[in-house]
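**Q** Listed here are the chains, written in short residue letters.
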Amino acid sequence: MEKSINVTLKVWRQAGPKVKGAFETYKLNNVSTDSSFLEMMDQLNEQLISERKEPVVFDHDCREGICGMCSMFINGHPHGPDGEITTCQLHMRMFKDGETITVEPWRSAAFPVIKDLMVDRGAYDKIIQAGGYVNVNTGGVPDANAIPISKIDADEAMDAASCIGCGACAAACKNGSAMLFVAAKVSQLALLPQGRVEGAARAKAMVAKMDELGFGNCTNTGACEAECPKNVSISHIARLNREFICAKLSD
Amino acid sequence: MWLINSSIGRKLVMSITGVFLVLFLLFHSIMNIVVIISPEGYNAICATLGANWYAIAGTSVLAAGFVIHIIYAFYLTYQNKVARGAEAYAVAGTQEGVSWASKNMVPLGGVILGFLVLHMYNFWFKMQFAELTGIHTGSFDPANGAAFVTELFSNKLYCALYIVWLVALWFHLTHGIWSALQTTGLNNKVWLPRVKTISNIISTIVILMFMAIPLYFLIGCGASC
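First to last, the protein sequences are chains A and B. First residue of the first sequence? That's 9 in this note's numbering, and the numbers climb one at a time after it. First residue of the second sequence? That's 566 in this note's numbering, and the numbers climb one at a time after it.
Since the hints were made in silico from the structure, they are not lab data. Among the hints, a few may not be true.
[As the list claims (entries may be wrong)] Facing chain B, a subset of chain A residues (Cβ under 10 Å, in silico): (1) TRP20; (2) HIS85; (3) ALA216; (4) CYS226; (5) ILE245; (6) ARG250; (7) ASP259.
On a predicted model such as this, the values are computed, not experimentally measured, just so you know. Note that CB positions come from ideal geometry on N, CA and C, so glycine has one too.
Let's have the full structure, built from the sequences with the hints guiding it.
**A** This is how it looks when you write it as structure tokens:
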């Protein structure tokens, strides 16, 4: 049943990376509870444009929870108060009539604000560039049945690969640590034969890049897993630790 | 040196020193229980440890463990504050499954350290230190541990202070033990809940053994039972 609500939005406005930002409060009426959070933001921007004000800048792309582009820290949670979804999958039915919704950008030293709610998540791309791939050394094609992969490993690798690199883990972490992201990216390859070969070098390269970019040290609070839209498990962090420590010890 | 330069290396140092300190606490709590069962037996342990070379060597390694654990804690916390960025969230939600202890390890560590200094003054200074230097610091013979315990815990305020200290230590251990195993990589999806349960059980056993002594004196058993 469709219903309309009126909300008050407290949105972080920041003109540029070096400019000091502040919260602005906007009233938005007649928001359909069937609309998504991003549709509500579009509605807000239309209202701002009609008032000849500058619209709010925010990241978004696929709007179906697979690209990892949308961000926003809504009422104290990355991707909002609902669980296991991205901001684009968050619906206005999660909010009450007359509620004040606080919208902030991801806050982490490694994710500088570009404008308003848009942050630079290029740091994650740099970590991937450091080793989050498989070097294809072509040779004779081995028989597929010669390399059995257990169901357990295949499932674990797929669970790790569900990470969309949105940055919610580092945004939620009180230490600004990117360990869940790096652990997922190391795990998805380390668990399968093609990726296993370069496992040690990959773990070292990606962790070194993560540290260099200014992400914090993981203290295992588990906030990342709780906020992850894809529910990536912190057990992957244990695997990353194991990979890294073993690689360093065998040096 | 990767134990200083890499985040996982630094965490590994925290976890290894942490596990070492947990093993010490296990040893210490088992030793303490003897004072309830037999004060003479407890004094025999005190005399054995005393100022012998092996006790001094053990104390030095232990002190090094504490110092490294604390220095790294401050270093990691400083780095994490920087990584979090200058601007704090206006609204910070809480997540299900994230323990209070895990978010307050440094304040809990501070409470533990404060009481540790007091504890060192009350026992170590009057016992091993006194025996080592030969100076007279307490009202009893340095090896008469049971007398020192009885003297301190005849003060109900001290009993209460020790209980507060042990509660803080319990919180610190519940997160610390499983976190140490996670950091060393000894964990996976199946073992995650098990490791957390093991952590809670060990913490509770250690703390109950420690707490037995102030409670024993608090309910007035020190003199009569």
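**Q** Report the numbers of all earlier hints that the structure fails to satisfy, in ascending order.
**A** none
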